[in-house]
Amino acid sequence: MDQRSDSELLTVSATEPGAFAVLYVRHAEDLLRYFARRTLDPEAAAELTAETFAQAFASRTTYRDTGANGVAWIYGIARHQLGRFFRSGRVDRDARRRLGMPERALPPADYERIEDLVDFAPIRGAIEEALLTLRQDQRDALRLRVIDELPYEEVARRLACSEQSARQRVSRALRRLALMLQERGLQPAMENDT
Amino acid sequence: MNTNIEYLQQLEVDLLEAAQRAQDERITPAAATPARRSGSTWAKVAGVAAAFLVVAFAIGSLGESSSDKFQQVGDAATGGGGGDAGGGGIASPAAPPPTAAPPTEEPGAQGDLSKIIRDGRIGIVVSNGSFNDAVGNLTLIAERHSGFILSSTTNADRSGTFVLRIPAAEFDRARQEIRDLGLRVRFEQVKGEDVTAEFIDNRARLRILHDRKERLTELAEQADTTEEILLLGRQVDDVQLRIEEIQGQLRFLRDQVAESTLRVSIKEKSAPEPVAVAVVDQPDLGSSFELAVQGFLRILSAVIVGLGYLIPLTLFGLLIWLAFWVVRRRRAEA
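The listed protein sequences correspond, in order, to chains L and R. Taking this note's numbering as reference, the numbering of the first sequence is continuous, increasing by one, and the terminal residue is 194. Taking this note's numbering as reference, the numbering of the second sequence is continuous, increasing by one, and the terminal residue is 528.
Simulated from the structure, these hints should not be mistaken for lab results. Keep in mind it's a predicted model, so treat the numbers as computed, not measured. Warning: the hint list may mix true and false statements.
Chain R residues, not near chain L, derived (Cβ > 10 Å throughout) [unchecked claim]:
hint : residue
1    : 197
2    : 209
3    : 210
4    : 214
5    : 216
6    : 239
7    : 256
8    : 323
9    : 396
10   : 514
Cβ-Cβ distance ranges computed for the label pairs, FRET-style [as the list claims (entries may be wrong)]:
hint : chain 1 : residue 1 : chain 2 : residue 2 : range
11   : L       : 133       : R       : 235       : 32 to 38 Å
12   : L       : 153       : R       : 521       : 14 to 20 Å
13   : R       : 240       : L       : 133       : 55 to 61 Å
14   : L       : 137       : R       : 246       : 28 to 34 Å
15   : R       : 523       : L       : 112       : 22 to 28 Å
16   : R       : 514       : L       : 107       : 46 to 52 Å
17   : L       : 93        : R       : 489       : 44 to 50 Å
18   : R       : 514       : L       : 5         : 51 to 57 Å
19   : R       : 525       : L       : 107       : 20 to 26 Å
20   : L       : 149       : R       : 514       : 52 to 58 Å
21   : R       : 384       : L       : 93        : 41 to 47 Å
22   : L       : 105       : R       : 235       : 39 to 45 Å
23   : R       : 246       : L       : 105       : 51 to 57 Å
Glycine is no exception: its CB is placed at the ideal position from the N, C-alpha and C atoms.
Start from the sequences, fold in the hints, and give me the full structure.
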């Protein structure tokens, strides 16, 4: 296991790109959780994670070790990406495109795994209120999945649609919900995320 | 990687490959920094803006070309004391002296408030050998409508330009008759300039000045000392001077409104196009600079005209694009 600090890894990665992968392994899941708790959307969270690391990799030579933890620099990029996402409703792809990284869809099994990273308990009440403003199909999917905590297989069966379609409805509904909660000042994430 | 999330595992592979490429191709990381991207983005924006301006200039040039042609001819006819291009100026036999002074503006007089100065340009083509006949007919038309030829320029008795002054009430009829002189009409333009506001302002100022003059005159009559009489007399003179200035402006406006200017270009069918050439007899830095400034202003003017066409079209296009984008986005979200 690499013993170098995050700051050292970032600094070294300018001339030794492979060192950045160590940084990724250390922080990828935490960053994904950070995004999932804020966007409530597995797709958006995964994409934001990818774009943030791509951006950090592309900009690694601009990193200056000022004594602070190097991961804070990555979270600075993450906050920037998140802000852009909340403003535009979509995730940038610029950095990944410049690095020639392929466009990847979120594997079906990952939806539930990423949702597991989010603790819905503290925001369940707010979600129920915001649910009323969603479209009917998305509301039904979200209610079954988040309120009733049913597996996607069961959600799809009850809504008479494919499991993939059920996932997408929940994903879209969560994204809208996150935006609404953000607008109302109800941050779904917890303070100690980072 | 110690995670059960497949996406993160794939992402790790993608990042490792990107790192490998960076290593293999010896790409300096700076090549992918935001600053570099920002530079290329600015280059793109600058390129698009330059293309936009070039298109605007092209459109503006096209839009102005017809009026430019006429302008060149008209300028040749009227500019700089009327330098004759070859055939010599034609003295208008029908030219009445345009000096009949209209009656002095009566304060408070009410008339038609609408004051429009009308101006027109027309170019006609006549059959070969009939230029002089056409000029004679043009003179007759001017006479018949109580107008006159203010200036003229001819070129080898095959083409020429004429500036007519026609009473406004006869303007349209005269124009129609001039149209009928030719085999075909090359171009035609009619403009109207509304000077009503200027006219009303001047009349209001005149009324105020008349009142002031009247009061000053009364005061002067009651003045006791020489000093007072001289002071008030000077003030009356000043007011009178201003009254006369405004009366002059009103007279000029009234003349402009009463008589329209019609620039007529007549050309035989096979006569060459009249071209105005900027001649610099004794080239010097001053004239070169002046020509350069004029050229620049013409380009700028063409760009501005072109932008007048392009901006609404671009906005329209953007609206359509936005509508499509919104529809696509909604479908994608559904």
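Okay, the hints, checked on the actual structure:
1. 197: 5 Å, violated
2. 209: 6 Å, violated
3. 210: About 5 Å separates residue 210 of chain R from the closest Cβ of chain L, which leaves it inside 10 Å; violated.
4. 214: Per Cβ check, residue 214 of chain R is inside 10 Å of chain L; nearest 7 Å; violated.
5. 216: 4 Å, violated
6. 239: 15 Å, holds
7. 256: 39 Å, holds
8. 323: With a cut-off of 10 Å, residue 323 of chain R remains clear of chain L, as the shortest Cβ separation is near 72 Å.
9. 396: For residue 396 of chain R, whose nearest Cβ neighbour in chain L is about 57 Å away, the distance exceeds 10 Å, so it holds.
10. 514: 21 Å, holds
11. L:133 with R:235: 32 to 38 Å: Once the Cβ atoms are compared, 37 Å apart, the range 32 to 38 Å for residue 235 of chain R and residue 133 of chain L holds.
12. L:153 with R:521: 14 to 20 Å: 33 Å, violated
13. R:240 with L:133: 55 to 61 Å: Violated: the Cβ-Cβ distance is about 44 Å, outside 55 to 61 Å.
14. L:137 with R:246: 28 to 34 Å: 44 Å, violated
15. R:523 with L:112: 22 to 28 Å: Distance hint for residue 523 of chain R, residue 112 of chain L holds at roughly 27 Å.
16. R:514 with L:107: 46 to 52 Å: 38 Å, violated
17. L:93 with R:489: 44 to 50 Å: At 47 Å between Cβs, range holds.
18. R:514 with L:5: 51 to 57 Å: This hint holds: roughly 54 Å between Cβ atoms.
19. R:525 with L:107: 20 to 26 Å: 24 Å, holds
20. L:149 with R:514: 52 to 58 Å: Violated: the Cβ-Cβ distance is about 45 Å, outside 52 to 58 Å.
21. R:384 with L:93: 41 to 47 Å: 57 Å, violated
22. L:105 with R:235: 39 to 45 Å: 28 Å, violated
23. R:246 with L:105: 51 to 57 Å: Taking Cβ atoms as reference, residue 246 of chain R and residue 105 of chain L lie about 38 Å apart, which means the hint is violated.
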